[in-house]
Amino acid sequence: MERYNAMNISNETTDQEKKIKITVRDLDLFYGDFQALHKLNIDIADQEVTALIGPSGCGKSTFIRTLNRMNDVIDGVHITGTISYETRDIYKNYDPIELRKKIGMVFQKPNPFPMSVYDNVAYGPRIHGIKDKRTLDEIVERSLKQAAIWDEIKDRLHKPALGISGGQQQRLCIARVLAVEPDVVLMDEPTSALDPISTSRIEDLIDELKKSYTIVIVTHNMQQAGRISDTTAFFLNGVIEEVGATEQIFFSPTNPKTEAYITGKFG
Amino acid sequence: MSPLSQTKKAHLQEGIAKGIIWFFVVLTIVILAWIILYVLYRGFVSINHLHYQVTDTIETAAAGPDHPAYPISMIIQRKVRLKDDLTSAELFEMYTKRRQPNWGDITGQNLDVELFALTTESEEGTAGAEIILANRENYSKHVTLEKDGEAMIKAVSSTPGGIGFIPSAMVETLPRSVKAVPIRRIAAPVNASVKKIVENVQIQTIDNDDLLAIFTGKVKNWQEVGGIDLPIRPVAYSQNAGIRGDILNLVLGENNEPAEQGILYVDTPEVFFETIDSLPGAIGMTYWEDVKDIDDRPMITFDRLEVRQNLDWHYLVEAPARSGKWGGISTIIINTFFLILFTLLFSTPIGVLGAIYMVEYAKQGRVIRILRLGTETLAGIPSIVFGLFGFIFFVGMLGLGIGFISATLTVTMMILPTIIRTSEEALKSVPLSFREGSLALGATKLQTIAKVVVPAATPGILTGIILAVGRTVGETAVLIYTLGSNYELVRGPSSSARVLSLHLYNLFSEAISFDRSFATGAILIFIILLVNYSTTSLIGRLNKKAGK
Chain A
1 MERYNAMNIS
11 NETTDQEKKI
21 KITVRDLDLF
31 YGDFQALHKL
41 NIDIADQEVT
51 ALIGPSGCGK
61 STFIRTLNRM
71 NDVIDGVHIT
81 GTISYETRDI
91 YKNYDPIELR
101 KKIGMVFQKP
111 NPFPMSVYDN
121 VAYGPRIHGI
131 KDKRTLDEIV
141 ERSLKQAAIW
151 DEIKDRLHKP
161 ALGISGGQQQ
171 RLCIARVLAV
181 EPDVVLMDEP
191 TSALDPISTS
201 RIEDLIDELK
211 KSYTIVIVTH
221 NMQQAGRISD
231 TTAFFLNGVI
241 EEVGATEQIF
251 FSPTNPKTEA
261 YITGKFG
Chain B
1001 MSPLSQTKKA
1011 HLQEGIAKGI
1021 IWFFVVLTIV
1031 ILAWIILYVL
1041 YRGFVSINHL
1051 HYQVTDTIET
1061 AAAGPDHPAY
1071 PISMIIQRKV
1081 RLKDDLTSAE
1091 LFEMYTKRRQ
1101 PNWGDITGQN
1111 LDVELFALTT
1121 ESEEGTAGAE
1131 IILANRENYS
1141 KHVTLEKDGE
1151 AMIKAVSSTP
1161 GGIGFIPSAM
1171 VETLPRSVKA
1181 VPIRRIAAPV
1191 NASVKKIVEN
1201 VQIQTIDNDD
1211 LLAIFTGKVK
1221 NWQEVGGIDL
1231 PIRPVAYSQN
1241 AGIRGDILNL
1251 VLGENNEPAE
1261 QGILYVDTPE
1271 VFFETIDSLP
1281 GAIGMTYWED
1291 VKDIDDRPMI
1301 TFDRLEVRQN
1311 LDWHYLVEAP
1321 ARSGKWGGIS
1331 TIIINTFFLI
1341 LFTLLFSTPI
1351 GVLGAIYMVE
1361 YAKQGRVIRI
1371 LRLGTETLAG
1381 IPSIVFGLFG
1391 FIFFVGMLGL
1401 GIGFISATLT
1411 VTMMILPTII
1421 RTSEEALKSV
1431 PLSFREGSLA
1441 LGATKLQTIA
1451 KVVVPAATPG
1461 ILTGIILAVG
1471 RTVGETAVLI
1481 YTLGSNYELV
1491 RGPSSSARVL
1501 SLHLYNLFSE
1511 AISFDRSFAT
1521 GAILIFIILL
1531 VNYSTTSLIG
1541 RLNKKAGK
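For the record, the sequence lines run as chains A and B.
Note that this note's numbering has the first sequence beginning at 1, numbered continuously upward.
Note that this note's numbering has the second sequence beginning at 1001, numbered continuously upward.
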């Protein structure tokens, strides 16, 4: 109860100036009999970067996957509580297909499809019914430019996507998500499989993208969370221990567990 | 133990292990290469020991004993693929047979023999009749008579499968469409005592070298050439015997001299046969046509090793005849491809869709486990069991009869498990991240499967299909009871047909031709190599396109 109050306080201070995109209330998630997430409550603000931090196995990835119903794919997962996207309950009033079009996702390991760069980016628009070659060309170019990879890749659009470097593949995956014009982009440790240079390019990109998208990012790397996020949520054992403005979480955490984690006592 | 000796021991172990692995690798490669190369070798080269009543001695210009001044030469039309020569026995058979003879028995091609002879009004015509018919019989009704050499050449050259004879002098000026064929007509009658069985020994055959050794005096006893213990008494015509007097020198050739002692010379055929009949251990050489009582007379059989080209393009393009004894295998190759095509047409969609269901849609519970166990069991069942099933179910219960449709369905049943299992593995090996990536873009499950999962699994699925094609091409047991053995082109769903493996089985089991069995085997190997190569390159291209 104490924790809930603390969160409400921190939310109250932000609610006044920020528009809330996603609201999570009393979310429980079970893998069969095992409860992985306990009574999560969090508001995700529009055009901000929300970072989810915490030690391995604390439920960050599981949580981010509930936001666009990717856990539906896994057998034996069921949830209680509500997640609302723009006030509509995503589990009751949304078709997952429609939802995922609005809430895209970038995964930990770059996962371009085994086809050409162009076909990868055009995949989303194509399945949503765009057939016109010129429109597709425009979408591909715009998405690749937004993902800051156009200059590197424009001469190799028709080469296999699996042939480009890991960092480029991840930016291609981001471009692929942007091509369906989502509202929210979920990123599940997007840089953990990349080298430092690729990581910094992705971070710059995230900084650029937050001007037009709402971004939720899971990260293992606290410096990264500090550098790029506006709001940070600290997860521990399937519970959100603390959520607040990134500066507040990093410099004056209210929860002793957060402080212990931030200062490297565990994790 | 010191660290140094431990290192040494590790090195030694490594060396021994490497050696063993290397040995087995080499052994495997040698065995595989040997099998494939042996079948291909026997497919391309036929090596046969053939038995003849006549010696190896050939005559391009043959004169009849009563017409020594008018030698004749046999000519054939070029289309006849006769490699070397004809024997008197073959000529006699052709020219007197009641039914129209066929070249199939001699050259393997399915082509009627068109017989021509010169009228007996000319000297050469009488000589030809003497050589071919031995004055024992008349020409059959299939023989066309021509008045002279010119007309003969014209007739033979314009008739496919034609054979005839001309005065030898005209051989020099033959047109390209006709060629002269040497004949072999020297036989070796023996005294009955030579062919007796004594202590389980009986002479079987001798070869040309043995014959030369006998008449040059190098061999004195039948024992030395595989017969019983009996002195050899060679009998030959003397120089007074007219044209027959040349036989001895003709057979011996320029490099051999007849034995100084021991050869008994005779002047006439009557004396020759009297001598042979009365003298134990006697062997003589005379024209085959001189031997009037050919079926009763003891004669020496000659063994000849014939090494020839076996598989040629004619075998691929000609239709089979006489159970595959004559002609080629063109219709059978086409039937084989039809069977592959239709089997794949049935089995690929069912197999791949089944695998998609099992991997992507079905709940991974007990039902799927049972289904998987079932397909695995079916994949291991001997094909003859499928043949039995197909025979009872498709042929009998459904009343489809023995024919193409029953065979296709039965083979489909047989290869389905293979396709399902390999497709399943291929689909399972597509990373989950591809599926998630697609779903996260708002794709439906069907779109994800059709556009991402199946394309990514295509190389694996293709591998399964090649395995299935391999099984189809090599399948015999299933087809014996469902496809029948008609070697004509398949005409419809219910027509009986024969495919390559079945043809090979029939050729071999009915002892039709060993050479043709190997030729068919070589073609089978080629088809498998072709299918494997083209699919491997296709998979390579797919992988390259995907960037793997």
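Don't read these hints as lab results, they were simulated from the structure.
Treat each hint with caution, since some may be false.
[As the list claims (entries may be wrong)] When the alpha-carbon atoms are kept at most 30 Å apart in a straight line, the in silico BS3-like pairs for lysine-lysine are as follows:
hint	chain 1	residue 1	chain 2	residue 2
1	A	92	B	1445
2	B	1196	A	154
3	A	39	A	18
4	A	109	B	1451
5	B	1545	A	109
6	B	1196	B	1292
7	A	145	B	1292
8	B	1292	A	109
9	A	131	B	1545
10	B	1544	A	131
We went through each hint and held it up to the structure:
no.: 1; hint: 92/A - 1445/B; verdict: holds, 20 Å
no.: 2; hint: 1196/B - 154/A; verdict: violated, 95 Å
no.: 3; hint: 39/A - 18/A; verdict: holds, 24 Å
no.: 4; hint: 109/A - 1451/B; verdict: holds, 20 Å
no.: 5; hint: 1545/B - 109/A; verdict: holds, 21 Å
no.: 6; hint: 1196/B - 1292/B; verdict: holds, 22 Å
no.: 7; hint: 145/A - 1292/B; verdict: violated, 102 Å
no.: 8; hint: 1292/B - 109/A; verdict: violated, 95 Å
no.: 9; hint: 131/A - 1545/B; verdict: holds, 22 Å
no.: 10; hint: 1544/B - 131/A; verdict: holds, 26 Å
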